[in-house]
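J.: The listed protein sequences correspond, in order, to chains A and X. FYI, my numbering numbers position 94 of the first sequence as 94, with every residue one higher than the one before it. Numbers in my numbering are just positions in the second sequence, counted from 1, shifted up by 528.
In case anyone wonders, no lab produced these hints; they're calculated from the structure. Keep in mind that the hints are not guaranteed to be accurate.
Within a straight-line C-alpha distance of at most 20 Å, the following computed EDC-like cross-link-like pairs (lysine to aspartate or glutamate) qualify [to be verified]: (1) A:Lys-296 - A:Asp-345; (2) X:Lys-824 - A:Asp-345; (3) X:Lys-824 - A:Glu-178; (4) X:Lys-1011 - A:Asp-246.
Note that the coordinates shown come from a computational prediction; the quantities given were computed from them, not determined experimentally.
Each chain, written out:
Number of protein chains: 2
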Amino acid sequence: MARRAAAGLLRRLGPLAGELQARGMSPTHYGTTNHGFSRFYLLQVAHIQRNPAYSVLNSDDVSYFKIVLGESSVVQDEDRVAVANVDWMGKYKGSSQLLLLPKSTTEVSKILSYCNSRRLAVVPQGGNTGLVGGSVPVHDEVIISLGGMNNIISFDNVNGILTCEAGCVLENLSSFVENKGFIMPLDLGAKGSCHIGGNISTNAGGLRFIRYGSLHGNVLGLEVVLADGTVLDMLTTLRKDNTGYDLKHLFIGSEGSLGVVTKAAILTPAKLPSTNVAFLSCNDYMSCQKLLLAAKRNLGEIVSAFEFMDRHCIDLAMKYLEGVQNPLPASPYSFYVLIETTGSDESYDKAKLEAFLLRSMEDGLVADGVIAQDISQASNFWRVREGISEASVKVGAVYKYDLSIPVEKLYDIVEEIRSRVGGMGEVLGYGHLGDGNLHLNIVSNKYSDKILAQIEPFVYEWTSNQRGSISAEHGLGLMKAEKIHYSKSSEAVQLMGSIKNPYCSWKRSYGAELIEPSLWLVPIQRRL
Amino acid sequence: MARRAAAGLLRRLGPLAGELQARGMSPTHYGTTNHGFSRFYLLQVAHIQRNPAYSVLNSDDVSYFKIVLGESSVVQDEDRVAVANVDWMGKYKGSSQLLLLPKSTTEVSKILSYCNSRRLAVVPQGGNTGLVGGSVPVHDEVIISLGGMNNIISFDNVNGILTCEAGCVLENLSSFVENKGFIMPLDLGAKGSCHIGGNISTNAGGLRFIRYGSLHGNVLGLEVVLADGTVLDMLTTLRKDNTGYDLKHLFIGSEGSLGVVTKAAILTPAKLPSTNVAFLSCNDYMSCQKLLLAAKRNLGEIVSAFEFMDRHCIDLAMKYLEGVQNPLPASPYSFYVLIETTGSDESYDKAKLEAFLLRSMEDGLVADGVIAQDISQASNFWRVREGISEASVKVGAVYKYDLSIPVEKLYDIVEEIRSRVGGMGEVLGYGHLGDGNLHLNIVSNKYSDKILAQIEPFVYEWTSNQRGSISAEHGLGLMKAEKIHYSKSSEAVQLMGSIKNPYCSWKRSYGAELIEPSLWLVPIQRRL
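Let the hints inform the model, and build the full structure from the sequences given.
T.: Below, the structure written as structure tokens:
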């Protein structure tokens, strides 16, 4: 019966072309802050003491910055600084009194050089959309916002190589390259606010990872300013360059702790004319896994997204998101999968996806399904998936985890946590199944130590036992800086410390401190 | 007329399936050495003095190694050590007296720990197929061959993740994963001899780069032994892991100078059932460029190789390679292009390639062309392309350059060099056009300072002026260690030095020396 119903729902998709990329038109939903639950988290980080080795900002410092940057780029206004002191979820809050807005690499270099010689702690800030407290001050660090450096420098039409400043908003870059016939290799919910420099510094993953891989593969070159103000020009636009160590990889994902990314050259794939989106349901997690394997085999080169979410996610999305419809309202299923394909042949790609879905139904992998027949339907499918995070926050309290786990075991932890939390909260499992990346959210009306005690350290220990990662794509930030040992060996952590050490010559006398991850795995200089 | 002739030649390809991967069945053609022209190059490196800070091997050292590794893994036999002292082209020759054959990571660790404490210089060696003198001793370094560590550890059938020891031969890994329905993400001419550990240490590029990208994207995890014997376990099999610095990237492409790769986890793409190969000719380089752009747009997701070669390459291949036929013998053309597609639908992919070629002929981009109609034809096409390097060596003397240059300018340097060399030699331009990677070979009957003076430093200066790379995929090795400044800024080189520094604690007292690239950009410890 499911098969019949599903076959009836398989409708042809209208001429979507690349316009689907505009699905993220959803406004800057990362732009607001919610101070309602900041107290809880602030308690968590309260034990971190300010390192007395840092100087305290004085009026001479401010005068110097005004000379170098001009009055309007040196912000002391309380309200404006307050916004930059807190992350978008209101979880982490610093007490900085100065926000600097450099407009060029030279200005960033002058700021860092000065702060280095004065031993003033700094924190670089992009779109401030991070989820782990990596982009806001812990204490009174000087905030360096890259928002004023938002120019596109060049675009190579033949090879699809974009060179731009770090403060460009991802969505703006997307629009720019799409007009040239290319797409950005990454796409994520925060695209309306996040900066490409922040994406690179946190090695953002997102929705296109399954097709285009990580930023380690897509970033061709970087310009970075080191803590002492040295400008490191690695802004090559070459596909291949085996001359010495490929240093750019150190800055991709190191969360600003080794330097400030100021410019980037990015390889953008050609925009292909045909995009299709299917929204499916499965009766159990094993079927989701088998469907993924079948999609890799049979859709192969055209798969561009394979996302999954459990029933609890759909229920929450329907309850809290305005104007979103359940694509499969007939009856509730245990799991839902969103598959997107992107290819160069409209009619062929559609036929291929339809044939794949019908076969998957015959094989019993898919219980029900629908293919978007116009842009509005496709946007709605994506809105369900992308809105889960937004819906979670609306419940009141949300404990967010971002785990990499072998696909076979990926849903086990959701069930374990569900059983541990019991009636105290709702447990949601969703994420980028194609990449083995689970987003685990536990939502409740308010924060409670009792719930947290059921989650941590269990979730980290369990993930570590599976040789998984406690941060697949969100980074460590302040939230997980001290948790690094769950995913990295002590030898590796020690080596990271020894790499950070030489970057800033005056730091060497403090070398011993640097190998403690809680000290060095935070943005440049702070808490040294 | 060309269009008619070409259309006639467009033949359907027989059921190639994945068997085309077996095209590299060409025997281990990197296995022999040619001592005929070693004298010339040995003169070039003769100015490098042995650093007296290193100890000289004594009988106690040898006894220690025999206890740790067993008698049979400690090779002093002159003939066997001689083979490991020289690279496959006979260009670079060391004077080591000891070859060690560890069988486990623990043994590698014990060797390095001992050598570190005794200050014995070492050089790690894989398949010894490199082209830049990176895998053989310069002086009397102890050679550590990874050839005895050639076990496949595991294969994850669901996610296509191969975990193996560093000494596995690439072709053996290819056969293994193909039997499981996957392919290796890299393929290169030396596959019959080269080791995966060497591929990773040199960030080998090769023929599948255009489709699957670099090893920075495909290597998921590594196990590495540092110079002091510390075993660094980064052998994760996760697609995503953002916990701290992604250290594995430091070891990918650093040519053994930061540690010895002992194990690797590699993401292998699904083997797709349909492969097609076309061999085409173009009248000018501009047409090759336009054809590349058109292929990216119209073949999009199924392009798996886009190689080019000039007429001089074809002439040489026909003259020196046995049993190879010119796929387009009717008349000589200026340029030839090999396009391979790999996809999941036999009949559709073929029709797509044929339609693309016919359109390209109508547009005047392609002068003539043929699609392989069976495996033998396809192998022949590939043999022409892959045999150019082999044919070059047979002329007598060959000056090899491996450059990354923006595609628009890529052939300019070939013409410049051709005009400078004049009648003294034949200049060949070929390579991975889809990646902007030119292989520039100048062949002559014998080596001559006069020819070299026409090439160097001009070729490096010219490449540097285009912001290109003087080593796209071959690495620096001994040949180009001192040339790094042509492609990297002095700040970057200095930073590389500061990263190498902390790896080996006893080196710190020699820190000042380490930032000279000629000293540190060679395998571990040697010439310190």
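J.: If you draw a straight line from the CA of Lys-1011 of chain X to the CA of Asp-246 of chain A, is it 20 Å or shorter?
T.: holds (16 Å)
J.: Decide if the proposed pair is consistent with the structure: Lys-296 of chain A and Asp-345 of chain A, CA atoms, cutoff 20 Å inclusive.
T.: Holds, at about 19 Å.
J.: Within a Cα-Cα threshold of 20 Å, do Lys-824 of chain X and Glu-178 of chain A meet the stated pairing?
T.: holds (16 Å)
J.: Does Asp-345 of chain A sit within 20 Å of Lys-824 of chain X, going by the straight-line distance between their CA atoms?
T.: holds (13 Å)
Violated hints are absent here; each numbered hint is respected by the structure.
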